[in-house]
Structures are given as C-alpha cells and as structure tokens.
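Asker: As a plain string of letters, each chain reads:
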Amino acid sequence: MLVLVALPMVMRNPYYLGIMVFMGIYSLITIGLSLLMGYAGQISLGHAAFFATGAYTSGILTTKAHLSPLPAFLAAIVLTACIAFLIGIPTLRLKGHYLAMATLGFGQIVYVALNASVDFTGGPSGFGEIPRIALGNLVVESQLARYCLVWALVVIVLLFSLNLIHSRVGRALRSIHSSELAANAMGVNTSKYKIQVFVLSAIYASIAGSLYAHFVTFISPGSFDLEFSILLVTMVVVGGMANVWGALLGTVLLTLLPEFLRGFKDYDILIYGSTLLLIMIFMPEGLFGLVKKLRSVRGRM
Amino acid sequence: MIGLAPILESQEMSASIILQLILSGVTIGSIYAMVALGFNIIYNSTSIINFAQGEFVMLGGMFMVSLVGPLNLPMWVAFPIAVLAVTLIGTAFERLCIHPLKMPSVLSLIIITIAGSILLKGGAMFAWGKETFSLPHFSTEKPILLLEATILPQTVWILGIIGMVVLLLALFFRFTIVGKAMRACAANRPAASLVGINVKRIVLLSFALSAAIGAIAGIIITPISLMDYERGAILGLKGFGAAVLGGLGNPMGAVVAGFLIGIVESLCAGLISSHYKDAVGLVVLLMVLFIKPSGLFGSAQVSKLKKF
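If you're matching them up, the sequences are chains A and B in order.
Going by this note's numbering, the letters in the first sequence line up with residues 8 to 308, in that order.
Going by this note's numbering, the letters in the second sequence line up with residues 1227 to 1534, in that order.
Please keep in mind that the hints were generated in silico from the structure rather than gathered at the bench.
In this text, a Cβ means the ideal position worked out from N, Cα and C, and glycines have one as well.
Each hint should be verified, as a subset may be incorrect.
[To be verified] Now the stretches of chain B that chain A is said to cover, found in silico as 3 or more residues with beta-carbon under 8 Å:
(1) 1281-1292
(2) 1458-1471
(3) 1512-1519
[Claimed, not checked] The calculated lysine-lysine pairs, modelled on DSBU-like cross-linking and capped at a C-alpha distance of 30 Å, are:
(4) K102(A) with K1426(B)
(5) K102(A) with K1518(B)
(6) K300(A) with K1503(B)
(7) K199(A) with K102(A)
(8) K1356(B) with K272(A)
(9) K1356(B) with K102(A)
Let's have the full structure, built from the sequences with the hints guiding it.
Answerer: Listed below in structure tokens is the structure:
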C-alpha cells in the first residue's frame, strides 16, 4: 500500500508511470485469473476475450452511441458477465486439457470475430477516438491520474478478492481445487461455484478492458490475441498461482521484464524465453512459493 | 446448410468446386493430423501437452529449406538430415527442460513448453531471419486431373507420406518391444516402471519421435504453404484442436479429427467466407466438446481418472 502511494512521488517520469498503469490493468485480470486457477483449479486460456469484450463494449458505446464512459463501463461489465455465464455453463463441465482447449478456442473465435466484423469493430485496423474518462470537469488525462484510478481499482478488487478467499466461498473453491469429486460428495455445489468464480474473473477482465480502451483511446484486435491470454496465465503461474499476491508479483515481473530487455533489441525474445524456463524449472511453485520457502527456512533458524 | 443452397444452385460446376475444396481440405487436414499425432505421442507417455509441437513442424521446414537451397543437396538426402536435426532438437529439449523436473505440476509443464516454444521460435528467427521461404515441389508442379477437380502432385506426396507414417507408427506400437513399452507407459506409468520399463527413457523417446513426425509434416507442407519462423504457433493450435477433438491419447481419433477440421475449414473458406476460416473449425470443436466432453473417440472414464 505504502509503496503504491509513494511510488508516483519518487517517479515523475511519465514513461515509467505509463508502465505502472499497464501493470495495474494487467493486475486486475491476473487477480481474477488466480482466483480461477489457483483457488478453483480451472485453467482459462481465453481471458483476452473478456478483456476484449470490456474494451470493445466501452469503446463502441462511447464513440458510436455517444454514451458517457461510466454507463458504458457498467454495460460492458453486464455484457461480459452474461457472455462468461453462457460460455461457462458448458465449458466448465470440461476438465484439464479439454478445458484448456475450449477456453483457448473461445478466445480465438472472439479474436477472429473482432477481425471479421469490419462494420462493427473496424476489423483488423481497429478504431480510435475513444473519449477519455471524465468525472465532472476532471478529465483523466495525465499518466498520474490514470495511475491513481487504475491502482485504486486494483486495491478495491484485491481487498474484495482477499475477503472472498477467506469466506465460505473461498473454502468451497479450495475444496474444488484439491478434489472436485470429494467436494461434491461433501455437498459443495461445485459447478455453481466454478461458474461464479469464472464470471467474477471475467468481470475483472472487463473492468481492465474498459480502462484500457479509455486510456489508450485506440483499440484493435492485435491487443487481444492468444499470446495475450497466454501471457496472463504465465504471469499467474510465474508468480505462484496458489496465492493472489503471487499473481501480483508475477504481473509486476513480467511487465517489467520486457522493458529491461528492450536494450537487447532482437535478443529479447531469447532472454524472455530462457528467464521463463529457468523460473519454472527451478521454482515450480512460482516466485511466491520461493518467498514462502525462504520465510519458513528463516523461521526454523 | 440453408445458406449453402442458393450458391450451389447458381453454379453449374458446384460439384467439382466442392470436390476441389474437399481435396484442399484433406491436404491441410493431413498436416493437422500429423501435428495431432505428435501431441498424442507425448501426451500418452507423459500427460504433457507439448505446446512446442508446432515449432518442430516449423523447424523441419526451415532445415529443409537450408539444406536444399544454400547447401544444394538433393531432396532425398536433405529429407532425413532435416528430420534428424529436428529430432536432436526435440531430444535436447526434453533433456534440458523436462528431464530435470521433480514432480512438476501440469500447469508448470504447460508454461515450460510454452517457454520452450518461445525459445525455438526466437532461435529460428536468428538462424533464418524473418523472411518467408519456399521449397521446390518434390516432383512436377503440373496438376493431376481427378474426376472434375485437380490436385497437385505434391498433395499426393503429402498423403502418401502421411499414410506411410501412420502405418509405420501403428506397426511400431503393435509389434516392437519399444513400442509396446511406450503403450504400457501410456496405460499405467507406475505399473510400467514396476515391470522394469525405464519410464524416463520412454519420455525421451516420445519427444524424439514426435519431433521427427513434426519435422516430416513441416518438410512436406512447405512446398505448398511456404514457411516462416512464426508459422509454428497456428499449426500447433490446429493440431492441438485435432488431438482434443479426436480424444486425447487416441491416435486414430487424431487423424480423423485432423481431416475433419481441415475439410470444414476449407469448405467454409470456399463457400461462406475466408474471414471466418480459422474460427469455424474451433466452433465445431467446441460444439463437439459441449456434447461429448471427452472428444469424438475419447473415453469419458479415462479423462475422469487423468489428473489433468
């Protein structure tokens, strides 16, 4: 918390603030994904689609229907939740690699549809001139204002999620992760909880998408492809998916890593790949697993 | 189907167009089938979905391009060398990335193979650059007339080679001791290791084998569809789709599903819209999964027992 408040005071460079803004947007999605993956034990390789639904709904409603950002933002959340609910019912019956393939397929279908429906979405070249978010006369235009808005939302989402984890629902989700069969036998309505957490994580992604559309003011399908979905999952796993904080840690690391690697020009793809590989080989529990291990070692000493 | 009717009536040559589309669907579908076979071999012995499978296909094509182009080797010499090179890469991949792991979780394995595919793609970008490469056809490029449609001789080569690979694989798994050991691992790993099968070596072998199959697919498809360093991902995705559609771990299912996806895509591109080509196969896949969650030929009981 303190770090969040202190950071912009130290760092005045808008470029760095911009990176922090993106980090916040990604964090919104990865917190939801970690609830889905780490707690409920369900993988999704299609979350870019929900991010896209949020961004495109906000973008289209504010530019073509001239709605102001807030109602568009809410409409995006409702729409995304409906889609996630409808997709979730048949999809979450699947298991393991079948679930991975189905979510991946759903993400790809949305991506193809965004490219193909040119009249509506602008096709592959996307569309721009999405208005910025304004609260009364206060327009969220500077990187600092964006930073405050996005991280305030991250804190809210984080608190909500932590609360959820420590509630009855959270315990139910963890029971699904350990064994769905056993959870079912104990009277936990597993399919209900799975769909609920799937919809919740989709809503987080939609919030992130709306913010993204208003911040960048231009959207095209390229930002919502399979690679992005995979990047999100990677962030969660690298950070350590057994924990929401792990997801945050992974997001911070994988957002900063490409920035550090920018100096290496074309070699960045090789260094990025090897870093990922080394983390996963030597820290299969993710970075947060390592932190926990170190802490327990220190505790024993 | 309702949408198709007016198009069909309006065209005299409709039957031959459909035949033509099905033929090109079979060509691309056979490549999906090969990639799906590669997925299956590794999945059976390790329960890993190897997301780098598509990169093996890309590497096969790329090695062949270098061997035939700059090095000027004849095709029949270059072919085995290219396959061998990719097989070595697949072996090295297993040794460096999969072998050192102790009790890995399925998700970390997925991320590891994704990281591996990023590395292979990056390596290919350095080795061959970002251009698109082509290969000469194996024999003449003069199309053969078949009923009312035409096919390229290369398509015949592709189908012939794939038929041979599938046949050899079937014989290998059925009649050789190593093949039987691999099937034992697929059925029950702890039991296989109890009767003295070296499971770790089988894992290594399965990576080598599926790298080789991927490389063959890449080599035979390049003359028709060209190759660049980014091509692996989409081929991998379609192959994964075919493997899942056919029921993971079921080689025959993978082959049938590969052809099915290829034909559906080709028909969609020709009759409806090429924009939706890449989506329609996936829509079919999702529909099948929603009705039958373990794929066309998969066993529901087996998928319930698998940990992931």
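Asker: Next, verify each hint and record whether it holds.
Answerer: Hints, one by one, checked against the model:
Residues of the region 1281-1292 of chain B with a Cβ under 8 Å from some Cβ of chain A number 0, which does not satisfy the need for three, so the listed coverage is violated. Taking a C-beta to C-beta cut-off of 8 Å, the region 1458-1471 of chain B contributes 5 residues in contact with chain A, enough for the three needed, and the coverage statement holds. Under the rule that three or more residues need a Cβ within less than 8 Å of chain A, the assignment of the region 1512-1519 of chain B holds, with 4 such residues. For a cut-off of 30 Å, the pair hint linking K102(A) to K1426(B) stands: about 26 Å separates their Cα positions.
Between the alpha carbons of K102(A) and K1518(B) the distance comes to roughly 12 Å, so the proposed pair stays at or under 30 Å and holds. Pair hint K300(A) plus K1503(B) does not hold up; C-alpha atoms about 49 Å apart against a cutoff of 30 Å. This hinted pair checks out: K199(A) and K102(A) have alpha carbons roughly 15 Å apart, not beyond 30 Å. The suggested pairing of K1356(B) with K272(A) holds, with an alpha-carbon distance near 15 Å, which does not exceed 30 Å.
A threshold of 30 Å between alpha carbons decides the hint, and for K1356(B) with K102(A) the separation of about 38 Å lies outside it, so the pair is violated.
In summary, the numbered hints that this structure violates are 1, 6, 9.
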